[in-house]
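S.K.: Chains as they are written, first to last, in the numbering used here: chain U, 1 to 232; chain Y, 1 to 104; chain F, 1 to 306.
Treat each hint with caution, since some may be false.
Covered stretches of chain U (in silico footprint by chain F; criterion: 3 or more residues with CB under 8 Å from a CB of chain F, positions within the stretch not fixed) [said to hold, decoys possible]:
1) 44–55
2) 85–99
3) 102–110
4) 125–132
5) 202–211
FYI, nobody ran anything at the bench for these hints, they're computed from the structure.
In this text, a Cβ means the ideal position worked out from N, Cα and C, and glycines have one as well.
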Amino acid sequence: MKWQDLASALFAAGHGITQVGDLLVGEPEFDGRTIAVVGSADHAPIGVAMALRQARVLLDTVARHPGRPILMLIDTQGQQLRRRDELLGINRAMAHLGCCVDLARRSGHRVLGLVYDQALSGGFITSGLAADACDALPEAEIRVMRIPAMARVTKIDRERLEALSQSNPVFAPGVDNYVAMGGVRRLWRGDLQACLREALADAPTGDHRALEGAQRGGRKLAQSVIERVLRA
Amino acid sequence: MTSAGIESLKFEFKGARAPAAFAPTLVGVVASGNLEVLLEPTDPGVCRIDVQTSARGFARIWEAVLRDFHDRHDLSGVAVSIHDMGATPAVVSLRLDQAVAEIE
Amino acid sequence: MNPPRSLPAAARSSYAECSARERIARLFDAGSFEEWLPPAQRVMSPHLAQLGVPCAFDDGVAIGRARLDGRSVFVAAQEGAFMGGGVGEVHGAKLTGLLRRAVVERPDAVVLLAESGGVRLHEANAGLIAVSEVMRAVLDARAAGIAVIALIGGANGCFGGMGIVARCCSAVVMSDIGRLAMSGPEVIEASHGAEEFDAQDRALVWRTTGGKHRYLMGDADALVEDDVSAFRGAAIEWMTQARPALDLATLEAEHALLDARLNEAPEGADAYALWHRMGVPHPHRLGDMDVAQVRELRTSLEGAGT
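Build out the structure end to end from the sequences listed, making use of the hints.
M.R.: Spelled out as C-alpha cells, the structure:
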C-alpha cells in the first residue's frame, strides 16, 4: 500500500505527514491525541543518513513531547549496501537508531512498528523489530532473502528449500511466517483505524516474542531455551 | 537422527580399558573438513560410536578408521558422538585421539 | 577444554586462531568457566537437521559463568568456524537467555566473544528475530547497569545484526585482525559490483572495516594485539569502567557525533581521505603501523582536539 493511502485511511485529511526524500515524518491527530509518525517510503535503503534522520525524530519526540505514542511506518529494501556507509559505521548508526527507539520506550512512549510495504534483510532490525511491537499489513513483504538467493548462498537445493518452507516458517519469506514466529505481532485487516487503536491500547512493554513464537507454533524452541538458560 | 543430507552411522566395539570417571568432553568444531567429537560415559565393556556426517557414502572408511581407533585405545564405558563435515581420515583420527587425551 | 589444533597449548596465543572454547579456556581465570546448556545436553538446531546440514552440539555458541580477575562475569563465545558464527534460533536464544539472566543475577559484566556473520541464513527469519531479541536483551542489561563488553578479533569478524549488537554494548575491544561492520564486502560487491567494493582487496576491506580503522573512528574503545592475554587485559580494564546510561543526554551526544561524522566526511568511500580529514599525518602508513603506534596516534588526535 502507498503510504499516502495508508495515512488517509488512518488519519483525518490534513494529517500533515510528509515525505522528505525517503523519510516519512508527521504529527497527525488520532483519537484526540497527537501521534509521532516517522518512517520510510519507496522501499528505502537504510544507510547512515536514513538511520540518523529517523533517530532525530525519536530524540525530538522524547525531548519535547512526553508520553506521545510513536508509529514507525516501514518500507525498506534493507540496509544500504555501499562501501561509504560501512566506512562511516552504518552498524553504529543503526545501533543508535535502535537505542533511540529503546529510549523512547523506556521514557514512557509506546512505539509501534508497521510494515506497510516491504521489510527486507536487516532493514528493520533497529526500527520495527526494536519497537514495543511490530505489526504489518497483510500484503506486506517481509523476508531476509529470496529463496533462489538463499539456495545459492547456502548451497541447498532451491526445490528443497521451497518444499521445507511449506511446513517450516523459519526460512521462507512471508508475513504470515513472521506472525507465526512471533516477530510480527498481528496483521491489520479491515478497519485500519480500529487496528491502530487496538495496537496503541495493548502495546507490550517487555519482549514477549519468543513466548508468542512458541504459542503460535512457528518458533518452538527459543522460549524454552531462554527458560532453560535462566534455570541452568 | 538422519535427514536427507546427513548420513548416520553407528558402531559398537567391546572394550576393556575404562578411563577414570570423566565429565562429557568436546573437541573440534563443525566446519568444512573438520568435525566435533563428544565423549560421554556409558555402559561398561563397550565403546559406542555415533557418526552424523554430511559426507555421504564413506561408511567403509569410517569403519576402518574407527576400528583402528578402537585397536589403539580399547575403550570401555565410552560413548563417542561425532558431527562430521567431510574431515579426512587423518583429521578424524587426530580428533578422536585428542578427545581421549582429554579424558585420560 | 579443547586441545590446540597443531601447536602446544603454551604456544597458541593468537586469539584469531583459537576456537571459541579455547578462547574461553585461556581468557578467563583458569578453570573458572561453568557452562550452561553444555554440548552433552544437545540443545541443537532443528532447522539445520531438516536441511541436511551438520549440527553442532552447542549450536555454535558456548555460554555460562566464569571469573575474570576474580570477578564474576557471564560469558558467551561464538564459534566463527561453525556456520560463520551465524545466529539461528537456538544460538540466539542462548544469548538472549544469558543476557536476561544477567539482569537477575547482576554479574560484574557480560563478556561477548563475538564472531559472527550475523543472521544464520539457513534459519533466515528465526535468525533475524533472534538477533533483535539479543539486541533488546543487551539494552535491558545496560539499563540495569550491567557492563556488556564485546570482544572482536576472530577471522570471520563481527557482521550483520551482530555488528549492530556490538555497538549496543558498553565497550568494544578489537584486535587489528578483527572486523566490525554490517554488510560483508562480498555482499556489497554482489549487489553493486567490484568497483563499489572489491572484496578481494584485503587491504581495502581492512581499511574499511578493520580494527585499526574502527579504533581511530572511536567505534572500538580499545585496540589490542591478536593475543588472548591482550584481550583478557582489555576486558578486565573495561569491565570496571563506568559507562554512561543510555539516557537522552547520552544519545544526543552520540547523535551529534554521528551527525558530524556524516557531514564532515569527505566525498567518496576512501579511508585514506577520511583519516587525512581526521588529522592522521600519514594515512598510507596506517596499515603498517603496529597496535601500539595506532594507540599513540589516536591519543595524539584526541589531544589535538579533533
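S.K.: Is the listed coverage of the stretch 125–132 of chain U by chain F valid when you require three or more residues with a beta carbon under 8 Å from a beta carbon of that chain?
M.R.: holds (count 4)
S.K.: Take the stretch 202–211 of chain U, compare each residue's beta carbon with every beta carbon of chain F, and decide whether three or more fall closer than 8 Å.
M.R.: Coverage by chain F holds here, the residue count being 3 at a Cβ distance below 8 Å.
S.K.: Can you take a look at whether the stretch 85–99 of chain U is actually covered by chain F? Rule is 3+ residues, C-beta closer than 8 Å.
M.R.: holds (count 14)
S.K.: Check, residue by residue, whether the stretch 44–55 of chain U contains three or more positions whose beta-carbon lies closer than 8 Å to a beta-carbon of chain F, and give the verdict.
M.R.: Coverage by chain F holds for the stretch 44–55 of chain U (4 residues, Cβ < 8 Å).
S.K.: Taking 8 Å as the Cβ threshold, is the statement that the stretch 102–110 of chain U is covered by chain F upheld or broken by the three-residue rule?
M.R.: holds (count 4)
Violation of the numbered hints given earlier is absent; every hint is satisfied by the structure.
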